[in-house]
Amino acid sequence: MLNSDVKLSADIFADTLEKASTRDGFGKGAVEAGKNDLRIVVLCADLAESTRAEWFQKEFPERFVEMGVAEQNMATVAAGMAAAGKIPFITSYAAFNPGRNYEQIRTTIALNRMPVKICGMHAGVSVGPDGATHQMLEDIGLMRMLPGMTVIVPGDAEEARKAVIAAAKTDGPVYIRFGRTATPVFTTSATPFMIGKAIVLWKADKPKVAILSTGSLSYSALMAAQALSADGIESIVLHVPTVKPLDEEMVLDAARHVGCVVTVEEHQAAGGFGSAIAELLSQHHPVPMRLLGIADTFGQSGEPDQLLAHYGLDTLHIQAAARALIKSIG
Amino acid sequence: MSLTDEQVCALEAKAEVIRETILRMLVEAKSGHTAGPLGMADIFAAFYFHILNHNPKLPSWEERDRLVLSNGHICPVLYAAMAHSGYFPIEECLTLRKFGSRLQGHPERLRLPGLETTSGPLGEGLSQAAGMAYAFRMDDKKQRVYCLMSDGEQEEGNIWEAAMFAGKYKLSNLIAVMDRNNIQIDGMTEDVMPLEPIADKYRAFNWHVLEVNGNDVRAFISAVDEAKAIYEKPTLIIAHTIPGKGVPEIEFDYRWHGKPPTQEEGKRFLKEIRTMSGKVPHEYA
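Quick note, the sequences are listed as chains A and B, same order.
In terms of our numbering, the first sequence has 6 at position 6, counting the first letter as 1, and numbering is strictly consecutive.
In terms of our numbering, the second sequence has 401 at position 71, counting the first letter as 1, and numbering is strictly consecutive.
Pulled out of the complex, with its shape left as it was, chain A reads as follows (with noise of 0.2 Å):
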């Protein structure tokens, strides 16, 4: 069943349920975070429309810094700017930030523990029609592997905006990783959010499998576990909207009350959120797992929708996981 204690939409299960895209949580949390700390700076590459860092241009033009198409430097002079004392955040697409420009957030950001908040967008297969080039699957991965660096998957646009807020007042580094398509607005002004937590959305008095998810596919995954449990089968689900660092007791508690493990992520099975998972699983609780995620290959042009059923991470694939995972272990 829902859990009640996590304050989520009265609507999450009509067809009512407001969406949005998490990007536009950026462009509200950026306004926001601008509002309390004059030290906030926007930096932009050449998409100040469709990043949404327009909506703090608006807000807050002589703080809104306009790079041209050149991410690399963007997140140099982010350094920079961080080092005479301002708090920046580079937006760009995720394929070229920190695609791009990896290195330089490894040794002039991350290495220097420079707060700059690295902000990708249009993340994952969901950008859809765009193809392989700008459906970034490999972030989480090279973020999370960097010393020191927060990193983020906002499941919904509410969330995205606390996520901007709450990065704009963490010491050192941030990577937040957005989508560029409208997903369900799941959670609530009241629902809590902290950087390091994880929340449970739908809980079980004895679940046969736990299904822990990043991103806007929690709302998949909560999906998938109504349809499981109207089947009797029954599940929990942990969002776990901060990858690095990982609310480890709240991963741990899962596998040792339920047994097992579904992670489900829009990005490479390899090395990203799933992965981080059986890390820390492997280690000091291991149990039986299905990582789903991209399978080692690049995305295509299409639908979000019709991108995300064909790469195996719709409801039905979710529920299929499931499913296998509790056969597999009788």
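Hints may contain errors.
Stated by the list, open to error - Some but not every residue of chain B turned toward chain A, in silico, with C-beta under 10 Å:
1) Glu392
2) Ser457
3) Ala459
4) Met462
5) Gly487
Claimed, not checked - Computed list of chain A residues with no C-beta within reach of chain B, every gap over 12 Å:
6) Met1
7) Ala10
8) Glu18
9) Ser50
10) Glu59
11) Val200
12) Ala204
13) Ile233
14) Leu280
15) Gln283
16) His284
17) Arg290
18) Leu291
19) Ala295
20) Ile326
In short, the hints are calculated from the structure, not lab data.
Glycine included, C-beta positions come from ideal geometry on N, C-alpha and C.
Take the given structure of chain A and dock chain B to it, following the hints.
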């Protein structure tokens, strides 16, 4: 304001002790770069003992000028200049590149107070310096940002992104210095990847460009003074230096870019430097 002869002599003497320290560090470390640090000793003496508005006893003083070293591999000269100006004990220089040392093989900001950034991967200093200059201008702060870079690293694309950015925003509080010693690891820059006409390239990016003998402290300081008077543009000072300057037998030899002297070579080189009696001989300048 031109320097007196006494001031010039004093700075040349500082350059000489910096060179001596560089050689001792490299012999002790048994690895590291020789030619670049020796070639830049005069410029570092000029910065740390004349140009910079800084306080070695208070390295995080907010109003200080910022000196960003982009080509981190020449850090022996940076460490030597910092030690001699009082940032840390001169003996510590001999820990260069050793386990546990604050003097990492390439400079790491978090390990040593007084370093403005972490560098080594080439082509990244100019944009960080530009970011600092931009932030200071937003806040109406008056300090200047200096970026020291090599000629070889002009081959990196990131440099030109930074040059475009600094030109667009007319960052006149940014003064870049290019060590034009014409060598890089694989040979002469003009053979590896021609940079010329490098001054015209920066001018085309809306920079004010000066060229100067980088082993002549008086000429260099006067170029920095001119750069400070340019209010419409960032300035690049192309400092023509002699790689290995101060040790005649290795001067101009690109093979000394990336290796240290052996103990015996070190002894011989130190003697050669000592015979210069505080003056950079004009036949090499």
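Against the structure, the hints:
1. The criterion of a C-beta within 10 Å of any C-beta in chain A is met by Glu392(B), whose closest approach is roughly 8 Å, and the hint holds.
2. Given the 10 Å rule on beta carbons, the hint for Ser457(B) holds: about 4 Å separates it from the nearest Cβ of chain A.
3. For Ala459(B), the shortest C-beta to C-beta distance to chain A is roughly 6 Å, which falls under 10 Å, so the interface hint holds.
4. Proximity of Met462(B) to chain A holds as hinted, the smallest CB-CB distance being about 4 Å (cut-off 10 Å).
5. The closest approach between the C-beta of Gly487(B) and any C-beta of chain A is roughly 7 Å, which is under the 10 Å cut-off, so the hint is satisfied.
6. No Cβ of chain B approaches the Cβ of Met1(A) within 12 Å, the least distance being about 48 Å, so the stated non-interface status holds.
7. Non-interface call for Ala10(A) relative to chain B: holds, since the shortest CB-CB distance, roughly 44 Å, exceeds 12 Å.
8. The beta carbon of Glu18(A) sits about 37 Å from the closest Cβ of chain B, which is more than 12 Å, so the claim that it is off the interface holds.
9. Distance check on Ser50(A): its Cβ is at least 21 Å (rounded) from any Cβ of chain B, clearing the 12 Å threshold; non-interface status holds.
10. For Glu59(A), the requirement that its beta carbon stay farther than 12 Å from each beta carbon of chain B is met, with the minimum near 16 Å.
11. With a least CB separation of 38 Å from chain B, Val200(A) remains clear of the 12 Å interface cut-off, as annotated.
12. Annotated as non-interface, Ala204(A) keeps its C-beta farther than 12 Å from every C-beta of chain B; the closest such distance is 47 Å.
13. No Cβ of chain B approaches the Cβ of Ile233(A) within 12 Å, the least distance being about 50 Å, so the stated non-interface status holds.
14. Here Leu280(A) stays apart from chain B, with its beta-carbon at least about 27 Å from theirs, past the 12 Å limit.
15. The beta carbon of Gln283(A) sits about 28 Å from the closest Cβ of chain B, which is more than 12 Å, so the claim that it is off the interface holds.
16. Here His284(A) stays apart from chain B, with its beta-carbon at least about 30 Å from theirs, past the 12 Å limit.
17. Against the 12 Å criterion, Arg290(A) stays outside the reach of chain B, whose nearest CB is about 39 Å from its own CB.
18. Listed as outside the interface, Leu291(A) is consistent with that label: its C-beta sits roughly 33 Å from the nearest C-beta of chain B, beyond the 12 Å cut-off.
19. Every C-beta of chain B lies more than 12 Å from that of Ala295(A), the closest at about 33 Å, which supports listing it as non-interface.
20. Non-interface status of Ile326(A) relative to chain B is upheld: no Cβ of that chain comes within 12 Å, the nearest being about 48 Å off.
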